[in-house]
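Asker: Chains as they are written, first to last, in this note's numbering: chain A, -18 to 307; chain B, -18 to 307; chain C, -18 to 307; chain D, -18 to 307.
In short, the hints are calculated from the structure, not lab data. One thing to keep in mind: the hints can contain errors.
It does not matter which identical chain is meant; a pair holds if it fits inside one copy or across any two.
[Said to hold, decoys possible] Taking lysine-lysine pairs in the DSS-like style, the calculated list, with each CA pair at most 30 Å apart, reads:
| no. | residue 1 | residue 2 |
| --- | --- | --- |
| 1 | K78 | K240 |
| 2 | K82 | K242 |
| 3 | K142 | K242 |
| 4 | K82 | K142 |
| 5 | K82 | K270 |
| 6 | K78 | K242 |
4 protein chains.
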Amino acid sequence: MAGQQQYGAGIWHFATYVDRYATDGYGPARSLVEMIDMAGQVRDLSVVDINFPFADPSLSLDTVEQALARNNLSVIGITPEIYTRQFAKGAFTNPDKGVRKLAQDMCDEAADVVRRFGASYVKLWPGQDGWDYPFQVDHRAVWQASMDGVGELASRHPDLKFVIEYKPREPRVHMSYDSVARTLLGIEKIGLANVGILLDFGHSLYGGESPADAAQLAIDHGRLFGMDVNDNLRGWDDDMIAGSVHPIELFEFFYTLRKNKWEGVWQLDQFPFREDAVAAANSAIDFLKHIDRALDRLDFDAMRAAQEQQDAVTALGLARAALFGG
Amino acid sequence: MAGQQQYGAGIWHFATYVDRYATDGYGPARSLVEMIDMAGQVRDLSVVDINFPFADPSLSLDTVEQALARNNLSVIGITPEIYTRQFAKGAFTNPDKGVRKLAQDMCDEAADVVRRFGASYVKLWPGQDGWDYPFQVDHRAVWQASMDGVGELASRHPDLKFVIEYKPREPRVHMSYDSVARTLLGIEKIGLANVGILLDFGHSLYGGESPADAAQLAIDHGRLFGMDVNDNLRGWDDDMIAGSVHPIELFEFFYTLRKNKWEGVWQLDQFPFREDAVAAANSAIDFLKHIDRALDRLDFDAMRAAQEQQDAVTALGLARAALFGG
Amino acid sequence: MAGQQQYGAGIWHFATYVDRYATDGYGPARSLVEMIDMAGQVRDLSVVDINFPFADPSLSLDTVEQALARNNLSVIGITPEIYTRQFAKGAFTNPDKGVRKLAQDMCDEAADVVRRFGASYVKLWPGQDGWDYPFQVDHRAVWQASMDGVGELASRHPDLKFVIEYKPREPRVHMSYDSVARTLLGIEKIGLANVGILLDFGHSLYGGESPADAAQLAIDHGRLFGMDVNDNLRGWDDDMIAGSVHPIELFEFFYTLRKNKWEGVWQLDQFPFREDAVAAANSAIDFLKHIDRALDRLDFDAMRAAQEQQDAVTALGLARAALFGG
Amino acid sequence: MAGQQQYGAGIWHFATYVDRYATDGYGPARSLVEMIDMAGQVRDLSVVDINFPFADPSLSLDTVEQALARNNLSVIGITPEIYTRQFAKGAFTNPDKGVRKLAQDMCDEAADVVRRFGASYVKLWPGQDGWDYPFQVDHRAVWQASMDGVGELASRHPDLKFVIEYKPREPRVHMSYDSVARTLLGIEKIGLANVGILLDFGHSLYGGESPADAAQLAIDHGRLFGMDVNDNLRGWDDDMIAGSVHPIELFEFFYTLRKNKWEGVWQLDQFPFREDAVAAANSAIDFLKHIDRALDRLDFDAMRAAQEQQDAVTALGLARAALFGG
């Protein structure tokens, strides 16, 4: 199986970043075309997820398409930026009806870009939908609006997939779509076949989930539409290089995908604030390939037998033998 | 409304405890009857939740009933001890079919005790159902068994309620019923009207939830069958005195209950390892009464208006005015 | 005692913010003079801490001084911006000697501004000094450089105070000056009388400390030179309104200050991303005044007696009686 | 270097455990002699740390010595049980002078056992010294007593080493010796050459430290007298099998030890609640040997060069090449 796997990345992997302290950014701003050209330098990267609208409003889809083509990249998803200033108090859940409409409109446009690029889905990351303070919101209303917003959108575009990328928090102190179970609960309520989950390994990890368990649950509900990986210290969405901290749980995550014959792109969602972006992507993909080969080596039958007994020592031994060699 | 509210406690509030270090316990062991007599000394306590089977197998239900009667206590729930040695690798999810049967049998017996005492529910706290290590379990199998175990049990006793008390972890490193959303997802799948949630404020808090939001979600699914309170430092189930650390979120939790006209017992689930148990219960109930009165003072309309705008400062001001007085 | 207490704020309380998602900021940029004029609208605010260099290089100290004067504000500290792009890999610990020099120069300039404004100290917040990844740094070298950087600076300006504001993390995944104990250990090694700590209540809280204990430790080492408050959910530096989540630990913190007769400004370090900045400051200061009055009501002798017995229930009862009234 | 390394374990690794739920224990109780015989079955284990006093008061030192001898085990340390019922409110910091005396006496006896067995140190783990609630203690008094207790003890036995094993919390909600920096600060104040640190990798990890950084700091203060390893999910002291979750940080920890030419026993502090204790120890030691060999493969010069530039990607690549092979 190794060797055929497709790798992808959010195009923001190749951006520079600002935060509330380094307001001048961790490097000079890059245009989308520059980012695409950098993505093209990564070994084995073949698909990207692109934010929309473009920072430069004069940038045409044709120009983007040409940049992608010359770098042998295709588009897996479009991520509407429903988390910028105007959406500071929410996109789907904004108290202002007009702002909710703006969010829907932006997502509609993103849907058109998905069609144009033949991408797989519109990715919804409603990072500003939630709350900060005790007593700040009516929790029923916020959750209902979270579901309604996605439901209305997905209903208007039955030809497309919409994936929700849940996350515990940031930038809101608490996000409405905070976990795999909450998101599945909402999706079941929405009741549309074209709404699913994009599972971010790091979000799952720092939300206190086992990413392998989260993936299994989403698969069992028929809703694992996409995924991406990175790493963190389990307390925040650090978006570090995949496998740099939690290689064993990362291995278990991909073991779960293979066991379930889940076939899709292995994407990166990393933020290399202070690192060379191309080097950081290569570092991650090299390790993902190591994992792919380790899965070839792993004794799946013995693992199944150990798990049937909850035999942690044997299961760990099998995983280690495949992952660490020797 | 203040003054009519009923207060309860898990009878273990009046036990002494062991942990992995103080293996000789934080005090001499107490019999169930002694605990009931201590519970009777707490001002305003009227109901208790009792573990089953009793530590002393020769203790009769009649004797327990008499002890309850002389202390003016009634029973709200029975908690089968499906988390002791024999269930170390799970009750409903144990790899051994025979052990799973033992768990079902124990719960059946608990159901009979519920009937005998005219209690409200069997409380299920499957603290050993889950996993510890990466790769230890087949996540699909464990989750399916978690749902099947509760479903089979509740099907056999359609005349009774069964409440699941979810918790992120401890004693397992990860519990299957780990959050409100996961538990509701399971309950929806189980599909029985007599299965609900007992929401523990502290479990919700240290699981990264907003307890108010968790309560609202359970209510909106028609599954909030019970609740209890305590406090912690958001990193572990410290089971401290209610309101000792998070009075504002506790206030928001009860605000949510009253707003939804949820009427039920306000229970304590505290573990006063080093404190006088009666004093710790009185301390908590005194503060719950303060909250009850503060709810009488709170301007619900103004709060609703502030929340409609996500106006955190105004909402906080209203909550403070009611809770802190002057 | 209530009524005489001075209140202050970091001037950034009145800024607008960017983060890695809302790169267009949570509002239109504000000039320093606009921020000062906003600070002037807060009831009872008399001192501010100001970042340096100013965002607008053409802004003169005279203009700033006039703005302060017309708002009846004085300056308590100057915070050199040793955490912007050029310092992305550290100020005092930067691998590049030239960058370390830039940091020293910027701090020297800040020292001059302190003198000019008659402020109390240069505040050092080396947020980029630390590391992100396992294996990224030589820990001995980084820590030594952290101490050397502060030591060299403070040696050059024996007439001024330098305060280190420690913090567990952000923007680096781990900061060198991460805790009260680590900072005191470094300060003892530096061995200069003019280096102390500015204790941020929220940093202490989310670093797993008891802020009251941290304050006591810093006082006992003679190094508590300043402090500020805010609140968070104990997992991140949320910089929320003081007392909005942890009023009891905030009360214990100020109890510790009063008990030790620590007299200094009660400052705010809040980031009201989505709130009205003036309202957020008023909300916090109103609560601080409530705490100040509650300290007047608190029975210190009874508290001392309860603490001598580690009698948590009695101590909590005393604190509640003073803080919640009734 | 690989092959000469000595491995050890706390003898409690071979005990069975109780917790507050499984009060009947995770298995039948084992005698100390049984534990020693189990330790003897572990490949490559040569030293143990033993709790004192023995659970069975009639057990003689001679009998223990014989059991050790027939299993080719020697004693590295003695751990006085200053965390059982009588010390529930502290050993060195207990409010009751008589209890503080009991703790000192128990440690004195432990010192005699150290001499008798030719062990390296008395290990102090004051797990009950600290606090649970806000306002519960006078923080100055508790910290002073923490230092005084260790200082008085170590002064009475200048011929022996005393090592403090710090830990953030459990069983107290907060422990006085909570971190490497706090412990070093206390040790410097105590001012005795025979007091040092036993660094537990897991305690460091879940306390938010980088264990490698903590080790370096203790070494630079000349106080790293011992260490042990295990693993956890960074939120609690899970005492899982070493390397099962954080192999890369474990590797960095041992890299730091070798770089500093720190030579001592690599010990285990694991609690295999539900696992076969011998298998869990073998699993850990096998992985430690893998790490030992990986250190032989690691390019130290290249690592140093990468760290001088804070080049995380290159450093990670070097670590991975050594640890994961191929």
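Asker: If any of the earlier hints don't hold here, list their numbers in rising order.
Answerer: 2 and 5
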